[in-house]
Amino acid sequence: MSAPEPGPFAAPWEAQVFALVVSLRDAGVFTWAEWAAALGRAIRPGDDPEAAADYGRWLAALEALLTERGIAAPEGVDARRDAWLRAAAATPHGQPIRLENDPLRS
Amino acid sequence: MAHDHHDHEHPHDHTHDHPHGSDLTPVEARVRALESLLVEKGYVEPAALDALVEMYETQVGPHNGARVVARAWTDPAFRARLLADATPAIAELDIGGRGGEHMVVVANAPGEHNLVVCTLCSCYPWPVLGLPPVWYKAPPYRARAVIDPRGVLAEFGLHLPESTRITVWDSTAETRYMVLPERPAGTEGWDETRLAALVTRDAMIGTGLAKAPEQAA
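Chains A and B, in that order, are what the protein sequence lines are. If you read the first sequence in the UniProt record's numbering, its first letter stands for residue 1, the second for the next number, and so on. If you read the second sequence in the UniProt record's numbering, its first letter stands for residue 1, the second for the next number, and so on.
Keep in mind the hints are simulated off the structure, nothing from the lab. Just so you know, not all the hints are guaranteed correct.
[As the list claims (entries may be wrong)] Some chain B residues judged to face chain A by a derived CB distance under 8 Å, without partners named:
{"#": "1", "residue": "Ser22"}
{"#": "2", "residue": "Leu24"}
{"#": "3", "residue": "Arg30"}
{"#": "4", "residue": "Ala47"}
{"#": "5", "residue": "Glu57"}
{"#": "6", "residue": "Phe78"}
{"#": "7", "residue": "Pro139"}
{"#": "8", "residue": "Phe156"}
{"#": "9", "residue": "Leu158"}
[To be verified] Here are a few chain A residues that face chain B, going by a calculated C-beta distance under 7 Å:
{"#": "10", "residue": "Pro8"}
{"#": "11", "residue": "Trp13"}
{"#": "12", "residue": "Ala19"}
{"#": "13", "residue": "Ala33"}
{"#": "14", "residue": "Thr67"}
{"#": "15", "residue": "Gly70"}
{"#": "16", "residue": "Arg81"}
{"#": "17", "residue": "His93"}
{"#": "18", "residue": "Leu104"}
Only a predicted model underlies this, so the values are computations on that prediction, with no experimental measurement involved. The beta-carbon is built from N, C-alpha and C at its ideal position, and this holds for glycine as well.
The following block holds chain A by itself, in its conformation from the complex (with noise of 0.2 Å):
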């Protein structure tokens, strides 16, 4: 009668944050009421109105635990992000992008 349900991850990095959480939490890294406390604080950023719980909130409260707990910290991300983006420039279309097609890296 009803439509199928979607599947639970609109795109293929949602469900990497997905996993790169549940394997944190499942490594010792937190608990669950340490990143429902994060997640919480991600989702009431400072005066602006609350918001969604979804996955890209996830990922700033996943960057939030990781730099608090010593882990990632933000520079770091960032030039590693930087990275990907360079090494995506440099894939030709269709195929896998690796970090090792970044032309910077040393």
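Go by the hints and put chain B onto chain A.
For chain B alone, kept in the frame of chain A given last:
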């Protein structure tokens, strides 16, 4: 001429901005950055990440919760165990794990309706319901389920009698709720498999009821 490929129409549609490269959106690049850093530092394994995605895309979902509900409808002793201490009762059906470490099941009854929300973020009983729908994570539902549950239910097309008492349960990381809907009339003698087909995700959140027999697929 055997090699006149250049005369052929190029099959690709070059409407994107970078015909000679590939595109990553900023958020995709950021997620790849985090994943590659965490793999290098040894916090996560690519194969484990893939397995998790596969599991939550294909195995974990409301069909699990529907089995629990159908068992409770047909087995009064199971129902009693489920309402007394849900986690071990659910484990009897080999359902459990992340996000279901401490489950509480609340039963609807004539004149009694239950509704589940997470006002903090999006805590949800993954083993029985899978990952939450978009509306469950959105501010309007989070805010209004507590203040105006009857209005929220009406938006889902569920109009309960004024005399029905609605209890709202706020899931947290520690305690996650699931609703045991009422068994629809006209299902006497049905087995668990048939009954489970009547149990929707929304019925187990409390934003819906179990389907009537004539609505069964």
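Right, here's what the structure says about each hint:
no.: 1; hint: Ser22; verdict: holds, 4 Å
no.: 2; hint: Leu24; verdict: holds, 4 Å
no.: 3; hint: Arg30; verdict: holds, 5 Å
no.: 4; hint: Ala47; verdict: violated, 11 Å
no.: 5; hint: Glu57; verdict: holds, 6 Å
no.: 6; hint: Phe78; verdict: violated, 26 Å
no.: 7; hint: Pro139; verdict: holds, 4 Å
no.: 8; hint: Phe156; verdict: violated, 13 Å
no.: 9; hint: Leu158; verdict: violated, 15 Å
no.: 10; hint: Pro8; verdict: holds, 4 Å
no.: 11; hint: Trp13; verdict: holds, 5 Å
no.: 12; hint: Ala19; verdict: holds, 4 Å
no.: 13; hint: Ala33; verdict: holds, 4 Å
no.: 14; hint: Thr67; verdict: violated, 11 Å
no.: 15; hint: Gly70; verdict: violated, 11 Å
no.: 16; hint: Arg81; verdict: holds, 4 Å
no.: 17; hint: His93; verdict: holds, 5 Å
no.: 18; hint: Leu104; verdict: violated, 14 Å
Hint compliance for this structure: hints 4, 6, 8, 9, 14, 15, 18 are broken, all remaining hints hold.
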